[in-house]
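Visitor: Residues per chain, in single letters:
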Amino acid sequence: MKRRDFIKKVVMTSAIAPVASLRIPFVNVSIEELTQKHFKEMSEEEKKAVIERLEREYKERYGVDVNIKTTPAKEGVVWGYALNIKRCIGCRRCVYACVKENNQSRASPDDPTSNEIHWIRVLEVAQEKLEPGTEEQGIGTKFGDVVAGVVLEESEHYYDPEKVPEDGKMYIPIQCQQCEKPPCVKVCPTRATWKEPDGIIVVDYNWCIGCRYCMAACPYWARRFNWSWPYIPKEEINPNQHYLGNRIRYRGVVEKCTFCIQRTREGRYPACVEACPVGARKFGNLLDPNSEIRKIIREKRVFRLKEELGTEPKFFYFMD
Amino acid sequence: MYKKYCKGCHGEVLEEFRYKDVNEAVIDAIKSGRMPPWGIDEELSEDDIRELASYIGDWCNLCHKRIETNFTPRELVNAPPNHRFKLEHGNFWCFACHNPENRDTFLLVNGSAIPFNKSPELCRQCHAVIYKDWKMRIHGRWVGNISNPTPDVICVDCHNPHDVNPAFKPITPEKPPEKPPSPPIPISFQYFATAIMAFSLVLMLYSARK
Amino acid sequence: MKNILREIRYFLDFVFASIKIALTGDRRYYVWLASLVMLVVLGTYAYIYQLMHGLIVTGMRDQVSWGLYISNFTFFVGVAASAVLIVAPLYLYNYREFEYIVTFGEFLAVAALIIALTNVLADVGRVERLWHMFPLIGTPNWPDSMLVWDVLVLNGYLFLNLLIPGYKLYKKYIGLEPSNWIKFFIFLSIPWAISIHTVTAFIYAGLSARPYWNTALMAPRFIASAFTSGPAIMILVLLVIRKYTFYRKYISEKAIETLAQITLIAMLVNLFLLLSELYTVFYSATIHQVSLKYLFFGLEHNGKVYAALKPIAWLSLFMQITSVALLLYPKTRRNFKTLAAACSLNAIGIWLEKGMGLVVPGFVPTPIGEIWEYMPSFMEWVIVAGTVAWGFLVYTLMLKVAKTIEAGLARHPKAGKE
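Chains as they are written, first to last, in my numbering: chain A, 1 to 320; chain B, 1 to 210; chain C, 1 to 418.
Any given hint might turn out to be false.
Distance condition first, Cα-Cα at most 30 angstroms in a straight line; then the derived BS3-like pairs of lysine-lysine [said to hold, decoys possible]:
| # | chain 1 | residue 1 | chain 2 | residue 2 |
| --- | --- | --- | --- | --- |
| 1 | B | K179 | A | K306 |
| 2 | A | K129 | B | K175 |
| 3 | A | K100 | B | K65 |
| 4 | A | K129 | B | K3 |
| 5 | A | K300 | B | K169 |
| 6 | B | K65 | B | K3 |
| 7 | C | K331 | A | K129 |
| 8 | B | K65 | A | K86 |
| 9 | A | K306 | C | K304 |
| 10 | B | K118 | A | K295 |
| 11 | B | K179 | A | K163 |
| 12 | A | K40 | A | K100 |
If you're looking for bench data, these hints aren't it; they were derived computationally from the structure.
Kindly produce the complete structure, drawing on both the sequences and the hints.
Guide: What follows is the structure, given as structure tokens:
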């Protein structure tokens, strides 16, 4: 480092440091945090400084030593997901594995302002439902209403029977579909959410302004908002975190499923895939012709949700 | 270990009758809970498992060497408890899969015997499509590295070959998501706000009057 | 150089004189201001509470993620756009009756924009990060995001509507005729007014995820409803001013009559567009009718009925039709009491339809079929009341200044002498 640069740096840091740690009242944000750059515009050095600050802040707020990575996407990898809709038994093991892995906010027993966040929602759908009409109602038929197959409006989100699967029921887990043409990215006014080279839609939790336009734009209801500060019991915090993935979020920002970016970028399966007791969840590289995902697309009966919207999800539902 | 789990029924076994070469298939079976048939609740150390295995040894042959093979399909009323089940898997009798000559192996249709831990090869004979799916990692649970995963379980871990239906036993689901919480408002604020709003309204009406 | 200095001095004089005018008045004026300030203080208090605890204090949740704030935003953008209905007849068709009320319209646009923008501030989760969407310093997603467009056109419109009447008042204050260059901005403001509400409609209409909004009729309906509710509010303001202030002689009955007719025609167009929408959705009866069905008839799921918006929808329709009836009949239209009633019904009816009736059903049921009903929380009402009071406060102060100067009651001491 040149001498002049060094002096400049020392002067800058000593002059800015006390200002940088000043906090804006009410919103409780330091100047340093407020002036942070967009993740994609940060140099490696700036990233390092930000990570250091974040780890310090999480330590202060939650009392846990966390390790935040910024692992970039691998070359030649586009992740795809497949879910065997015939095998899913609706046990919600994936939901809670996801909550644990991704540091989602829990419902607190003593704080009514904490809101629970699940990235996966499992729908229970009746495979067939017949409601015979009465003589007065119908015009000539007693057939009435028939519901068969996947009518989302007829689905039940809060089912809670003794045992699953129940007879005549189908289960459809829905999470972020990682669209190839994501409407949420298109509408975001600040570019706080974008598609990574490996196809994952991520959110910079330090750039999102919380306008919730993306939530209105998502056809799969995959995005969640932090209506309050997240509540996570200290001992349940997962310290292996990724800047764009499972690091603990803030009040007032949007979050979503990232296919466990902190795991997949190190070659591990997403938490929901490993948690599924029936092996209905499949994951792999769409660019690798030998991956399970490509084999499923090739050999199974595959459909995607709301294909008519042209969002081109990379999340495939299939049947044997 | 033997004392704890086996001695109750099988009585004392002399040291010299224990097996020197433990059967790897038996170790696998103990680890996954398939052996002994009623299961073991506690976490066993590697040594404990090997100790248990050394008593089990050839596993089935232990008894069956001394019993005459009866090929007639029948209800097993006098057999030990772990053998007393109704075989519901297709229209088969034991020897469709088990080797009558050597009970510690399976017998494929082509006549070759395979060890217990190669059981998927046995299932494959009928369930070829599913077997192919499994090998392609489309069926079953695979863990580890995405580019080179290993099967977490084999066929018989989820599907009991003796009563195959239902394939997967129903389990209790995790709790449903919470309904969205209602907005919290401090009571003091409610009173304060109502009072001020009422006051402002009165003021406005008053000002509009005069 | 000397000229510029003099200009600056005059302008400062103008600013100080304006402040003085705005803050002097009779007792009634002070009571009105004080009650508005009180509402603003209360709203600010509630807003700070919301800043500290998060939007959990509102009634919104993941299922219905926009609510009263965005409803209000939408409605008041429409009110702002309708200022063009006074500007355009005056400047394009030289309709002189509007000459004396044009500042009412322009400042109403300013006030409405302030209300709209404040509602956006109340709605975002991270208000201190708003700079992320500004050009140059942030990373605005332009031209993809309609929200960026909206922020741009709204602020542009706010600037235009401050510049045009402000400049004219300043010239009047120093006793000069306005220069011709202002005409450029006046003519610019006419298409700009249409654009703000079109862009606001496009925010909704572009979302394929929400079939209820994803209709080409959205922008025309927005313009029609804006052009009926805006003049209706205008008429109410004019009637109040006529009744209580010295400025009554400048507001001709003919101007009010013209506004009433505009209100009527726009309302008829609005109802026609609503009918087209209702017909298309209900006759084809696809699965996409579910949101509109929720709005007008309620939904049933697992034996539970969800129909929170049903009374609002029918009440709104009833109000709109009644206002049409009152406005159609010349006798009730020309009677200021019934006219006031018609305009109130009109404005409230549109507020219900375009606010809660437009925003909330778009979220019910959620794209994956969950039905959850939204009701604004008490906190939301307080904050919204604060924003509206804030808009009215600004409007009152600006009108006071404008009308005093326009009536020639305040002039620069050297006006006309140089």
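Visitor: A separate judgement is required for each hint: does it hold in the structure or not?
Guide: Hints versus structure:
1. K179(B) with K306(A): 26 angstroms, holds
2. K129(A) with K175(B): 25 angstroms, holds
3. K100(A) with K65(B): 51 angstroms, violated
4. K129(A) with K3(B): The given pair, whose Cα atoms are some 56 angstroms apart, is violated under the 30 angstroms limit.
5. K300(A) with K169(B): 25 angstroms, holds
6. K65(B) with K3(B): Between K65(B) and K3(B) the Cα gap is close to 24 angstroms, so the pair holds against 30 angstroms.
7. K331(C) with K129(A): 58 angstroms, violated
8. K65(B) with K86(A): 44 angstroms, violated
9. K306(A) with K304(C): Given pair K306(A), K304(C) holds - Cα atoms ~27 angstroms apart, limit 30 angstroms.
10. K118(B) with K295(A): With a Cα-Cα distance of about 25 angstroms, the restraint between K118(B) and K295(A) holds, given a limit of 30 angstroms.
11. K179(B) with K163(A): 21 angstroms, holds
12. K40(A) with K100(A): Holds: K40(A) and K100(A) sit about 28 angstroms apart, inside 30 angstroms.
Hint check: violations occur at hints 3, 4, 7, 8; the rest are consistent with the structure.
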